[in-house]
Each structure stands twice: as structure tokens, then as C-alpha cells.
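Heads up: the protein sequence lines correspond to chains Z and C, in order.
The opening residue of the first sequence carries number 1 in my numbering; numbering runs sequentially from there.
The opening residue of the second sequence carries number 1001 in my numbering; numbering runs sequentially from there.
Just so you know, these hints were derived from the structure itself, not from any lab.
Here the structure is a predicted model, which is why all the values come from computation and not from measurement.
Be a bit skeptical, because a hint or two may be false.
Said to hold, decoys possible - Straight-line C-alpha distance at most 30 Å; calculated DSS-like pairs for lysine-lysine:
1) Z/Lys4 <-> C/Lys1142
2) C/Lys1042 <-> Z/Lys4
3) Z/Lys4 <-> C/Lys1272
4) Z/Lys4 <-> C/Lys1206
5) C/Lys1030 <-> C/Lys1069
6) C/Lys1206 <-> Z/Lys86
7) Z/Lys4 <-> C/Lys1030
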Amino acid sequence: MDRKISWKLYLTALIISIIVFSAGIAVGLFLTQSVNDSLQNELSGLRSRTTELELLFLLNSSSNLCSFYSQQVKAFDQDTSSFGAKLDFLEKKRGRLDQGVRDLKKEFSVMQLRDYLFVSKFNEVCPQKIDSLLFFYTNENCPECTKQGLVGPDLKQKHPDLMIYAFDVDLNSPAVEALRELYAINSYPSIVLNGVVFNGYQSSQEIESLLN
Amino acid sequence: MPIDLKSFLEYALAFLTIFVTVLFLLVFLKNRKNISFTPEAKKLRSITVLIPTFNDGETIKETIESVLKVDYPRNLLEVIVINDGSTDDTLEKLKSFGKKITLLNKTNGGKANALNLGLKHAKGEIIATLDSDSYVAEDSFKKMIGFFDDESVGAVTSNMKVWKPSRFIEKLQNVEYILTVFSRRLLSFLDAINVTPGPLSMIRKKVFDQIGGYDEQNILEDQEIALRIQAHHWRIEASLEAKVYTATPKTFSGLVRQRVRWHRGGIRNIVKHYYLVGRNYGDFGVMFMPLGIITIFVLFAVFAVFFYSLFNGFAPLELLSFGTESLWLGLTPIHVISFIIFAISIVWMFIGLSNMKETVSIPYLLLYLIVYAPIVTLFWVVTLWKELTRQKLEW
């Protein structure tokens, strides 16, 4: 008994589906790219501010500008933190392997390094000290890193003047590598609080006691 | 762009959904002139109506009365009611019909068992099965009988509707039934119908003689018999003009129970008739039987991965500290695809409803698409759970 088979129908449906599906993917990729572009723009803006501050400091590193610098750093930090949060959100949604996210994170890390260097120089010259905390982590098999990461926002709330810089060591970023080598970091999580290295998870209370 | 298992399954399911919807839309386009076609019967054949009943005292009277009102020559109509050991007032209600029906009493043995007893006593050329909580429209028999003029047709399905939908949940099921019946009509053009629903279907007696009666071990005997009909290469037609009104679950838990029973029965039927895949069975074997099997697997896989990632600490809720900005930030291609699926589904629903000559208000349409359909799909999770914990499958 020969029952008919509608091969042409199935082929047509398959072709149309592939076209529709591909169009959707293409639009999706285009939209994600424009999200990347807009974030790049935002990052450029943040970077310019860093450059300005650095130039200003080169021109005039006398201590009378300390309050001005301090105020700038704090204002700047707010924008940087919210941008960092956006990057984290993006990473969660797109996955760690997304190239656009990785590139943004790398550039963001470089900028964070510059900010940290600025704060270090500031602390050399100015009487009011800005506390800084470097946080090195990896996303590969490090539940302690996740735990440590959760301490950050909590700490920031209680100490809004504490500058927190987080560095993902899997980024292949020269800036992050340089910092790692500087502080001889090989285990994760590790934090550097005002230049002192602490390996392993540090609770919120422990860090707070060290600050005071 | 590297993709993990969860994303792969999401995209696979999305592609499958697009493919199936496009396929049905194409079948519609090809056959749009014949959708409501009802062949005029060249000869009116004798019909035996089989109504198995078990404790349906509330509805059985109206069911039988609707049959007795049907526009069909009385000498060509036989009504057999099989009382499957009812313990309520069903028997009294049945006796009140006297000679108008043939009453068969038996000890409780299940619907398939009851139908088989009815088959043994049936004298008609065509067997019409009717559920004891369903009411047939007056012209329904005449609208179905014409299809049997084609000797290759073994069975005809009808247009199942919800009887007087008043509750929210009934109205949503009504939308669902409209679209299901429409899909079935489209499948009939490809000889790919997979179920002859209990509420009202007609099957040639000759078919039963050839393939045997209902499977008495089966919970979904109306689907099982249809698969066996396919196995013997009989054609199954669908009538949109023959209407039957049936009662549907009125509570959410009732709905879950009904659907899980359907799913679990469906799985067993697919396993029993696994061989119905391949060119021997035409469009049914090449496309629709495989699609049914693949869909179940993909659904299970999607749910498994979803729950696995849930238990492994993937926080599904993020701090929406960015407000609407997070919608924009979190965009991935799958969101665009989901939107496309949504748009295609709206088109499909619109086409289905207008060709079924039904109107549904826009709020109900959106509610159906956005709330009801996804939730009903989630019932597969309950199905999976019940299968994995090997719970007994019963009425």
C-alpha cells in the first residue's frame, strides 16, 4: 500500500523555518552587538574621566588639590560601580564565553587598574587616605570566590568610601596579570587590602576589623 | 558563539516550534478551500451508537436525549448503552428510556471493555462512539456519514466543543479545543490523524472486524484504536460541521489530572505502536509520528536541564536594579526568536479561529497564548514525575 508522502511540503516548511530562525538569530546578534557598542561608549566616557584625573595629577600633584581629587574619585567610583554591575548582569545573561562580554571586562579591568594606581599615588601625597581593596577571583570551580564576591556589596554599603576593584583572572588580561605578579597572587579568592595580601575567603567582619 | 547544553536545547525547541507552526500554516494554505467541506452522503448507512457509562447519572439522560433527537432515519439508527457497573442512579435513568435504547449491563471493567461488549451486539455498518457526558448536535450524523462513501475511509472525527463554558478555565479549554480540532482537520488532508476522540467518532464496523476491538488494558483507548487504524492504512477523516459538546474539567487540579492521564496514556500508545515510523505509513509515519516522539523527548530534556540548573544555584531572579534597562541589557537572540514565535502563534490562532468560524476576545486570546498554553505544557513535568516514580496509571 503506497501512502503519499508530501516531501515538497516538508522541504518548504524546513526552508521557511530556517530562514525565519536565521533572521531571528541575525537580529538577535545585531541587537546584542548594539548593546556591546553602547556599553563601549559608556566605558569610553569613564575612561576619559580617568585620563583627565591622571593628567591633572601629573600637572599638579600638590596637596592643596587633595580634597578635589578625593571628591572626584568618590563621584567617579559611583559610575564605575554601576557600570561594573551592568557587566556582571550581562555576563550572567550571555554566559562567560561571550566574546563581547570578555572584551568589555578586559578593558574595564585596565581602567580599574588605572584607577587603583591613581588612588595609590593619591595616598602617597594626600593626608586623607582612601582605602582600597583588590579582589582576585576565578569562575572555574571556585565556590569560595562566589562567597567572597557576595561580601563586596555588603561591605560597600557599610563603607561607601572603600574602593573595591574586582579582577577576573581568566580574562588573559595583561593588566590583571601585572597586578597578580605584583602581589604574588596564586590562589583564589585573594584580596589585597591597602597593599596587604590575604589569601582565602575573608568574611565581611574580618575585613571591617582590618579597616579599623 | 559557543553554546552550553541549556541554550542548545532552548534553540532546538524554538526551531521545532517554528517548524511545526510553519508546517501547519502551509498545510492550511494548500487546503484552505476545502476546510469546511462536507461530502453529501450518497447513501445513508446504518449507525450503531455505543455509549459506555459509569456513574454518569448526572449527564447520561441529556446525552441519550441528544442522540434520540438526531436527524437520521430511525430505522438506520441503533443506540446501545453499556452500563459498566454503575453504583449511582445511572441504571434507573437508563431504564426510563425503555425500548428506545438497547441496555447492556455488566460488572465494572473499564471503558474499552464496555465498548467491546457493545461492539459484539452492534448491528450497524458504522459504529459511533459517544462519551456519556457529551451531547451531539442534531445534524452531526448526517455531516459525518458522507465521508464513508470513500471506501478507503475507516473513521471520521468530529468537532469537539466545550459544553456551555462559564468558568475561566472552561473558556480557555474551549480555545484550545477549537485550535486542536482545526489542526486535526489539517492533519486529515495528510492522513495523519492520531486520535478518534471518545466524545464522538465514527468507525466502520468492517475496520473493527479487521483490526480487533479496543485494547482493554489501555487508559487512552480512543488514541490507541486510531493508531491501530493507521497501522492498517485506513484513512481517518475529520468533520468540522459535525458538532459534539462535551464536559471538561472545571478545576485546575482536574485539568492537571486529565492531561497527565492523556500524556501517560499517549506515551504508552507510542511505545506500543513504535513501528508506525517510516515511509510505509506515509505522511503520518514520516513526519507526524516522529514529531510527536521528538517533542516529548525535547520537552523532557528542556525540563530536566531547567530543574538541574535550578538546583545547582543558578539564581533565576536577578536584582533588577536597572529597571527596564535590564530588559535591553539582557537581550539575547533567543528573546528575538521567542518574539517571532509569539507573532507566528498569533497568526496561527487568528487563522484557526476564523476558519473555525469562532470569535474569541483579544484578552482571552492573549491569556491563552501567554498563560494557559505554557502552563499546560508544564503538565509534562508532572507526567515525568509520575512516570519516574512509577505511580500506578488508572482512571
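Broken hints, by number: Of the numbered hints, 5, 6 do not hold.
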